[in-house]
Amino acid sequence: MIFVATGTQFPFDRLVRYLDEWVASNKADNKHSEAVFMQLGEGDYLPQHTQWKRFMGLEDYNEKIKQSSVFISHAGMGNIISAKDHGVPIIVINRQASLGEHRNDHQQEGLAWMAELEGVYTASTQEALYGLLDQRETLRAGKKSHDTSLTPLIDYLKSVL
Amino acid sequence: MWKKGKVLAVSSPGGHWVQLNKIGNKLEDQFLIIYASPRGQYKVAQQGERVVHNIMDASADSKIKLLPLALQLFWLILKERPATIMSTGAAPGVIAILLGKILGIKTIWIDSIANVQRLSRSGRMIQAYADIVLTQWPNLSDGEKILHKGSVL
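Chains V and F, in that order, are what the protein sequence lines are.
The opening position of the first sequence corresponds to residue 1 in the numbering used here, with each subsequent residue numbered one higher.
The opening position of the second sequence corresponds to residue 162 in the numbering used here, with each subsequent residue numbered one higher.
Isolated chain V (complex conformation):
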């Protein structure tokens, strides 16, 4: 199952439509067909070819990530962290402020360094997303971290709290 999440704050109809169209065009093709489940948020576009919910409780949400072969998301840090914690590769596609998908373009700016993270694959266009989807069996999750960056942050906080 491919799990798609648009986040909680802004609609991201473009991502929903990309996936809906991808499923529709692959329906007859067994090699590429795979169930898709989408968390839509507040968008207007309702998928015709996949199951979906607007919002999910945290437990259901995490369960869907865990069950998925690939997690597709807006370029939000929360989902990148969750994908790694659950051992699932993630494809992120950035929101664009000019399309009303966010209040600024920090997701676009973030895409370059996100691509450096293990287990994170980035796409800024429909073609790039479809390209990654077609080779999704080759995508690998990031290794669980050993908190090499988190530990010094925690040690510092413990010293000042």
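Check each hint, because a few of them may be wrong.
Said to hold, decoys possible - With a straight-line Cα cutoff of 25 Å, these simulated DSS-like cross-link-like pairs (lysine-lysine) come out:
{"no.": "1", "chain 1": "F", "residue 1": "K267", "chain 2": "V", "residue 2": "K144"}
{"no.": "2", "chain 1": "F", "residue 1": "K310", "chain 2": "V", "residue 2": "K143"}
{"no.": "3", "chain 1": "F", "residue 1": "K240", "chain 2": "F", "residue 2": "K310"}
{"no.": "4", "chain 1": "F", "residue 1": "K267", "chain 2": "V", "residue 2": "K158"}
{"no.": "5", "chain 1": "F", "residue 1": "K164", "chain 2": "V", "residue 2": "K158"}
{"no.": "6", "chain 1": "F", "residue 1": "K164", "chain 2": "F", "residue 2": "K262"}
{"no.": "7", "chain 1": "F", "residue 1": "K262", "chain 2": "V", "residue 2": "K158"}
{"no.": "8", "chain 1": "V", "residue 1": "K158", "chain 2": "F", "residue 2": "K240"}
{"no.": "9", "chain 1": "V", "residue 1": "K158", "chain 2": "F", "residue 2": "K310"}
{"no.": "10", "chain 1": "V", "residue 1": "K158", "chain 2": "F", "residue 2": "K165"}
What the hints contain is simulated information worked out from the structure, not anything from laboratory work.
Given chain V's structure and the hints, the job is docking chain F onto it.
Just chain F now, kept in the frame of chain V:
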């Protein structure tokens, strides 16, 4: 007046909340962390020993909600009496830290890892008021006011 070892951890939902949890989870062995975040349908959720207070969902784009959110946070701070207020962002954290400043509580701002090129908008707003401002990116530290001590990744 403020309870030693007690931390009020505030954030908006989504990525800020995921980061706040990554940090809070590692502090819970030594500190009592009380969480506050907009939780939608949940009210005060008890997750094991953990307390999560539901607060209003407001952002800088919904200014009309900021005042009731401030009253809600003010009440929560008086009730919980934390020694420290900590936030990863965004608007609820800004308000909580301003209230902490007024009340003489130690405040810590941990800027979201999503902001790579400069501090988040809320981080820039709050940096003059928070006692400690941390960035998760070495290049955004100025070595004085904005410190880099590590990251959640």
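Taking the hints in turn, this is what the structure says about them:
no., hint, in the structure
1, F:K267 with V:K144, "33 Å, violated"
2, F:K310 with V:K143, "22 Å, holds"
3, F:K240 with F:K310, "31 Å, violated"
4, F:K267 with V:K158, "13 Å, holds"
5, F:K164 with V:K158, "16 Å, holds"
6, F:K164 with F:K262, "16 Å, holds"
7, F:K262 with V:K158, "20 Å, holds"
8, V:K158 with F:K240, "24 Å, holds"
9, V:K158 with F:K310, "12 Å, holds"
10, V:K158 with F:K165, "13 Å, holds"
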